[in-house]
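Enquirer: Put chain C on the given structure of chain Y with help from the hints.
If you read the protein sequences in the order shown, they are chains Y and C.
In terms of numbering that gives the first Met the number 0, the first sequence is residues 0 to 252.
In terms of numbering that gives the first Met the number 0, the second sequence is residues 0 to 431.
It cannot be assumed that every hint is accurate.
[As the list claims (entries may be wrong)] Okay, derived cross-link-like pairs now, DSSO-like style, lysine-lysine, Cα gap no bigger than 30 Å in a straight line: (1) C:262 - C:252; (2) C:176 - Y:167; (3) C:364 - C:340; (4) C:340 - C:165; (5) C:165 - Y:167.
The hints are simulated quantities; they were obtained by calculation from the structure and are not laboratory data.
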Amino acid sequence: MTARVAVFKFASCDGCQLSVLDAEDELLAILGTIDLVEFPEARTLREPGPYDIGFVEGSVTTPHDAARIQEIREECKVLVTIGACATSGGIQALRNMADVGIYASQVYAHPEYLDTLATSTAIADHVKVDLALYGCPVSKEQLVETITAVVAGRRPDLPSHPVCVECKARGTVCVLVADGTPCLGPVVRAGCGAICPSYARGCYGCFGPCSTPNVASLATAWDAAGVPRPTLIRALKGFTVGAPEFQEAVRAL
Amino acid sequence: MPSDQVRTIEVGYLTRVEGEGAMKVVARGGKVQDVEFSIFEPPRFFEAFMRGRHHSEAPDITARICGICPVAYQMSSVHAMEHAFGVTVDGALRDLRRLLYCGEWIESHALHIYLLHAPDFLGYESGITLAQDHPDVVTMGLRIKKAGNEIVRVLGGREIHPVNVKVGGWYRLPTRKELDHLATELDRIRDDALATVKLVATFPMPDVTRTVEWVSTRYPDEYPMLGKTVVSTAGMNIPVSEWNDWFIEEHVKRSNALHSRIKTRANYEVGPTARFNLNADLLSPGAAAAAHEVGLTAPCTNPFRSIVVRAVELLHAVDEALTIIDHYRAPDAPAIDFTEKAGEGCGASEAPRGTLFHRYRLDAKGMITDAQIVPPTAQNQLSIEEDLRLVLQAHIEEPDDKLRVVLEQSIRNYDPCISCATHFLRLEVDRG
Numbered sequence: 000m001t002a003r004v005a006v007f008k009f010a011s012c013d014g015c016q017l018s019v020l021d022a023e024d025e026l027l028a029i030l031g032t033i034d035l036v037e038f039p040e041a042r043t044l045r046e047p048g049p050y051d052i053g054f055v056e057g058s059v060t061t062p063h064d065a066a067r068i069q070e071i072r073e074e075c076k077v078l079v080t081i082g083a084c085a086t087s088g089g090i091q092a093l094r095n096m097a098d099v100g101i102y103a104s105q106v107y108a109h110p111e112y113l114d115t116l117a118t119s120t121a122i123a124d125h126v127k128v129d130l131a132l133y134g135c136p137v138s139k140e141q142l143v144e145t146i147t148a149v150v151a152g153r154r155p156d157l158p159s160h161p162v163c164v165e166c167k168a169r170g171t172v173c174v175l176v177a178d179g180t181p182c183l184g185p186v187v188r189a190g191c192g193a194i195c196p197s198y199a200r201g202c203y204g205c206f207g208p209c210s211t212p213n214v215a216s217l218a219t220a221w222d223a224a225g226v227p228r229p230t231l232i233r234a235l236k237g238f239t240v241g242a243p244e245f246q247e248a249v250r251a252l
Numbered sequence: 000m001p002s003d004q005v006r007t008i009e010v011g012y013l014t015r016v017e018g019e020g021a022m023k024v025v026a027r028g029g030k031v032q033d034v035e036f037s038i039f040e041p042p043r044f045f046e047a048f049m050r051g052r053h054h055s056e057a058p059d060i061t062a063r064i065c066g067i068c069p070v071a072y073q074m075s076s077v078h079a080m081e082h083a084f085g086v087t088v089d090g091a092l093r094d095l096r097r098l099l100y101c102g103e104w105i106e107s108h109a110l111h112i113y114l115l116h117a118p119d120f121l122g123y124e125s126g127i128t129l130a131q132d133h134p135d136v137v138t139m140g141l142r143i144k145k146a147g148n149e150i151v152r153v154l155g156g157r158e159i160h161p162v163n164v165k166v167g168g169w170y171r172l173p174t175r176k177e178l179d180h181l182a183t184e185l186d187r188i189r190d191d192a193l194a195t196v197k198l199v200a201t202f203p204m205p206d207v208t209r210t211v212e213w214v215s216t217r218y219p220d221e222y223p224m225l226g227k228t229v230v231s232t233a234g235m236n237i238p239v240s241e242w243n244d245w246f247i248e249e250h251v252k253r254s255n256a257l258h259s260r261i262k263t264r265a266n267y268e269v270g271p272t273a274r275f276n277l278n279a280d281l282l283s284p285g286a287a288a289a290a291h292e293v294g295l296t297a298p299c300t301n302p303f304r305s306i307v308v309r310a311v312e313l314l315h316a317v318d319e320a321l322t323i324i325d326h327y328r329a330p331d332a333p334a335i336d337f338t339e340k341a342g343e344g345c346g347a348s349e350a351p352r353g354t355l356f357h358r359y360r361l362d363a364k365g366m367i368t369d370a371q372i373v374p375p376t377a378q379n380q381l382s383i384e385e386d387l388r389l390v391l392q393a394h395i396e397e398p399d400d401k402l403r404v405v406l407e408q409s410i411r412n413y414d415p416c417i418s419c420a421t422h423f424l425r426l427e428v429d430r431g
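Chain Y on its own, in the form it takes in the complex:
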């Protein structure tokens, strides 16, 4: 039977679900193997659950969304979070360290019209998540790999090693060692293909922490490159600011 697949959106930029439509070469082939029955960004027809696979983009930032993710979990056999917002709360999780009331009054004339939570949290903080795709945005290749793996009933092949491995694999000279360019690569999960160093800049952390990141050691290397500490702290408070490993590192620095 063809797998019934749904795509859900929470607080996000829509970029990760757009990656589905950006797989131009694979899109029509993928649509031949799955039944995309719920994907409001792309189709008007909407079918109720249950679903075999649910992809969730975005973070939880409103009381309504906190309740909605519970219902979605009930409806999905396999729940896959896609992207930095869904896996760690996104850049909007910066509010978790600030006063959301002040944020609201800086942007809106009538904060009382808004219905928002004080925090932006990952989907896994609310429900059990079966698979997580990291990245801001996710990698199109990882997305296609995950769809085909889940449909075939196997685990997708997803890395947890640092970006450095990808730089070595593509033959990029280390920007941190060779040029003293601050780079988060040693503590950040691979998956993008090490794009930034190949464009002569340091990694800025789209995929969040790799497994067992050694931020203290990285800090020594950034010190040696003459980068002020606040710059490193700001870099860690980026698109995966909500990741526990980075929060801990920020506290320790």
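Expert: Chain C in isolation, oriented as in the chain Y frame:
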């Protein structure tokens, strides 16, 4: 129908748009009573957390406002920073920025035309079902979209949230080989782009006419992408830095995006139709000829014909990209030097769906102390509602099902990006 009968059509979750919005219209006795286009996309407060970040982070952070038009956010933000520092990025560095923007226009316009909007005109619920009956049409759209994405990938590093744009220029320049590869890809889809104009011009169009004040940026002798001034069909002609003297934003309860209007005047419209109506004389010769051939002339007053304008702009972007690649001579350095200083800077550029304005205040260390971002869909909200009113009145005899379809189609005329619209906006004037 009894004269006092009330009909309400409500769409709680608009589909085939980027982000979360809803629509509600009410008619009584065959007359429009109320229309409401609302945005319930949760706020993410970008303008608030931009405070305290370094100016160099703005292109990367603001790109995350929108996965559909990240290049627009990068362009408006770097222009604002460069304005604050008193530097001008010109020549080949600026041409490459326009080339990157062409890539975004091509992929975004192809996505909207083929996957989001064409299904309305052809009676399908999505591009997915359209592809089942007309695989050749959707495949052509995807081919075009891919070529646009390829420009963004090569120049920017990846399609969504590219990494190569920085204040002052670029991190790395493209090689001649990379640009030649792009020219090959563009040559391959140029006929497809022309065929798109001819195809969408044959679509049956609801017959609606209206005028509004159309607003776009302008740059001498270029169809606008990176703006220098802001112009309108009612005679406005101002430098980008005077934006806040002319436009105001208001917070209304039904929307998490602020409503924009021109001070002392009314609502206005930004986007492809506005750009075309103000700059049709600046289209590439090929795009101008295609527009002429399908009978598209400025001003275009039927909002449903925006899909034709979008196709003409798509063709223009392909031509423009090819011209830029052809004329490109590598500059000496990927970026120009500048000195950080305290001050304020404004920048505006043309996202595929309309003008995007940024303003930042910076301290002496180049840290952001205040940010203002005015995205296109927020500016278009009032015009979207005006159109709903008009379309509802024109189609009021239709049964609910048909009416709902044409009303949604009318919203999609604006290619609304609700994710963008929500996260910003601060108020200059509050009439709440």
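Enquirer: Hints first: check each against the structure and report whether it holds.
Expert: Evaluated hints:
no.: 1; hint: C:262 - C:252; verdict: 20 Å, holds
no.: 2; hint: C:176 - Y:167; verdict: 23 Å, holds
no.: 3; hint: C:364 - C:340; verdict: 7 Å, holds
no.: 4; hint: C:340 - C:165; verdict: 17 Å, holds
no.: 5; hint: C:165 - Y:167; verdict: 25 Å, holds
Every hint from the earlier list agrees with this structure, and none is contradicted.
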